Amino acid sequence: MPNTKRARLVASTIAIALGATALAACGSSDDSKADSGPVNLTFWSWAPGMDKVVDLWNKGPGKKDQITVTFKKQASGDTLVTKILTAHKAKTGPDLVQAEYQALPTLVSNGAVADISKEIGDAKSKFADGVWGQVTLGTDAVYAVPQDIGPLMFYYRADLFKKYGLTVPTTWDQFAETARALKKKAPDVDLTTFSANDAGLFAGLAQQAGAKWWTTSGNKWKVGINDAATQKVAKFWGGLVKEGAIDNQPMYTPAWNKALDTGKQIAWVSAVWAPGVLTTAAPSAKGKWAMAPLPQWSANEDVTGSWGGSSTAVTTDSKHQAAAAKFAAWLNTNGDALDTMAKEGGIYPASTSAQLSGAFSNPPAYFSNQADFYTKAAEIAKTTAASAWGPNVNVAYTTFNDAFGTAAKNKSDFVTALNTMQDTTLADMKKQGFEVSQ
Amino acid sequence: MTSPARRRSYGVKGAPYAFLIPATTLFSLFFVLPIGYAVWLSFRKVHVSGLGLGAGARTEVWAGLENYKDALTDNEFYDGALRVLGYGCIVVPVMLGLALLFALMLDSERVRLTPFTRLAIFLPYAIPGVVAALLWGFLYLPAVSPFYYLLDKLHLPQPDLLSGGPLYLALSNIAIWGGTGFNMIVIYTSLRSIPAEVYEAAKLDGASPLQIALRIKIPMVAPSLVLTFFFSIIATLQVFNEPMTLKPLTNSVSTTWSPLMKVYVDAFAKGDIYSAAAEATLIAIATLVLSFGFLRAANRRNKQEAAQ
Chain R
35 MPNTKRARLV
45 ASTIAIALGA
55 TALAACGSSD
65 DSKADSGPVN
75 LTFWSWAPGM
85 DKVVDLWNKG
95 PGKKDQITVT
105 FKKQASGDTL
115 VTKILTAHKA
125 KTGPDLVQAE
135 YQALPTLVSN
145 GAVADISKEI
155 GDAKSKFADG
165 VWGQVTLGTD
175 AVYAVPQDIG
185 PLMFYYRADL
195 FKKYGLTVPT
205 TWDQFAETAR
215 ALKKKAPDVD
225 LTTFSANDAG
235 LFAGLAQQAG
245 AKWWTTSGNK
255 WKVGINDAAT
265 QKVAKFWGGL
275 VKEGAIDNQP
285 MYTPAWNKAL
295 DTGKQIAWVS
305 AVWAPGVLTT
315 AAPSAKGKWA
325 MAPLPQWSAN
335 EDVTGSWGGS
345 STAVTTDSKH
355 QAAAAKFAAW
365 LNTNGDALDT
375 MAKEGGIYPA
385 STSAQLSGAF
395 SNPPAYFSNQ
405 ADFYTKAAEI
415 AKTTAASAWG
425 PNVNVAYTTF
435 NDAFGTAAKN
445 KSDFVTALNT
455 MQDTTLADMK
465 KQGFEVSQ
Chain Y
187 MTSPARRRSY
197 GVKGAPYAFL
207 IPATTLFSLF
217 FVLPIGYAVW
227 LSFRKVHVSG
237 LGLGAGARTE
247 VWAGLENYKD
257 ALTDNEFYDG
267 ALRVLGYGCI
277 VVPVMLGLAL
287 LFALMLDSER
297 VRLTPFTRLA
307 IFLPYAIPGV
317 VAALLWGFLY
327 LPAVSPFYYL
337 LDKLHLPQPD
347 LLSGGPLYLA
357 LSNIAIWGGT
367 GFNMIVIYTS
377 LRSIPAEVYE
387 AAKLDGASPL
397 QIALRIKIPM
407 VAPSLVLTFF
417 FSIIATLQVF
427 NEPMTLKPLT
437 NSVSTTWSPL
447 MKVYVDAFAK
457 GDIYSAAAEA
467 TLIAIATLVL
477 SFGFLRAANR
487 RNKQEAAQ
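Read top to bottom, the protein sequences are chains R and Y. Heads up: the first sequence begins at 35 in the working numbering, then just goes up one per residue. Heads up: the second sequence begins at 187 in the working numbering, then just goes up one per residue.
It should be emphasised that the hints constitute simulated quantities derived from the structure, not laboratory data. Where hints are given, some of them may not hold.
Over the 10 Å line for every Cβ pair with chain Y, so calculated as not near, a few chain R residues [to be verified]: (1) Val142; (2) Gly145; (3) Lys254.
Partial chain R-side listing against chain Y, Cβ under 10 Å, derived [unchecked claim]: (4) Ser143; (5) Trp255; (6) Thr287; (7) Asn334; (8) Thr409; (9) Ala412.
Computed from a predicted model, the values in this text were never measured in an experiment. Virtual Cβ for every residue (Gly too), placed ideally from N, Cα, C.
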């Protein structure tokens, strides 16, 4: 008897489960991609102030074309990538998503974002070639429209540099000398820190040195995370940490904020969006910081890397891809849209013409002492080296956190950590079945 | 066969099942199905062909036990388990010891302000785990901690709490601070339910308060001690909030510090839900074996004692 009872229970459970599946299947509607009549689009983004830009569209060009966009605020970075992939799996994705450049190959590889090369017209002409390369992944397709960029720069406390008799380094050798000179003059002050909690900065520094982490030849990927250029960068920072010339504690902690605010750390290699971070991290040092180009590996070079930056992509789940592409192009090339984004969200546009528009005629409030902040930034942005992202950047970045975290803590060899990063990334690609050349 | 009497009896027989339907439905929808799906995923994997770009390059295929094999041969997974074991060896005895001590003290006749003290000890439990970890994280960071400020002013040594061995103490402290109050309430409630005659008899026999505590109170609250131990083991195996919140503050906590953190990283940072599902299943099995193994052992001992 107990057995039959259980059997009946199981049977009813399965019946209920099947019923639920059948109901869920009823939910999906027609698959027409035609753009006749009013269109409603959903847009996932984390950019602050994006709601205002979307309003601008809905009241202006959107109203004319009968394309209404609904903005849904999201968490940034990796969290959103996971969410997009999950939504794509369930076929419930939005029409448009904000995606960081390094996440695009992952999204493309999962079939989550659509090729919009036929729908975006002449948008290419508005962007620098290096930036555009990040949304085409070196193919004929266009997977997104660039939105903002994060060229690397050197930020420093102008007043404290003067106080300690330091000059702004223009090469990495000078940077190391500056760090050592500072340690001699003020042992409890650090020039900066090597932080293992954001791989984006390290990737940007490697990019400046000429590293190409992921490349393709024919039908095969090549992973070059421990190439000569990156090894040079790793050895440089590892050496500084080992000799104690710079700090080894992570950024974005309460301790780091305090160090920046009180002048215990007097420089920060960061991107064009740094003013926003400094405003909250070091409020009392407002007007004391200054920006200079990133130090170079040799004196006659003029090149920088990038840290962050994102694009607007159209999903393959969208039933109105043409309309979505139209919005994506408008959002990232229209002067008013970009001005609003810059004012409300403090983003630095990828569009070259917008970089010198009205919104950027004055420096950010935190850098009121540096009138030519944005003119300089636009010049630096032009020197951004080409980047090379692959389909498992997330794995490389996570490995960076752990391997370089341990290396920074123990002040041990950074090249060993770099090799771990290379091996783990390569092994992951092989495990997934990617064609990889050695 | 179809006489009215017969039909009525069938209806009565079916009634229990009808009453079971709501519970069964909820149980299967929100318990059996998700778990079943997770187990199903743990036997799958993704296979990419070529460069992996373009539609259809990614297919989900059967992986068999591959994900389990990978998880079981992954040193990081074992190291995580060992770290959690070390952490548990500090948390469980200290937390339960303190909870028992506080409960006995509150129950003794000499304590004043019992309701206030009880609430004060219980209060940390009401603070969300992430908030508690953040709060302690601030206190552990030398640059912003008032404790370090005092140590500095008093020219005392300033220990680094966020690396090496002290890290375990720092993490355990957060769990103990948050969990002692809850366990104390459980033990205290069962202390209050001991009939007063038992104490009276003990006093007449000349037992001191200490003897009463050791010989009468503790044995009589043994079932709630077992229960709190059971809960604590489960909570320890699932430690996640504290190391996850302290991770950004220090280089010493890796993204895979505890097994559950590894599941999180695999699923949400690396996007490999299949490995994550396999690891989650393993953790669930380990939790079941350990906690129910302990319960069975405790019950057997109780039965043996009862038999004697």
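Handout entry: Hint numbers not upheld by this structure, sorted from lowest to highest
Key = 1, 2, 3, 7, 8 and 9
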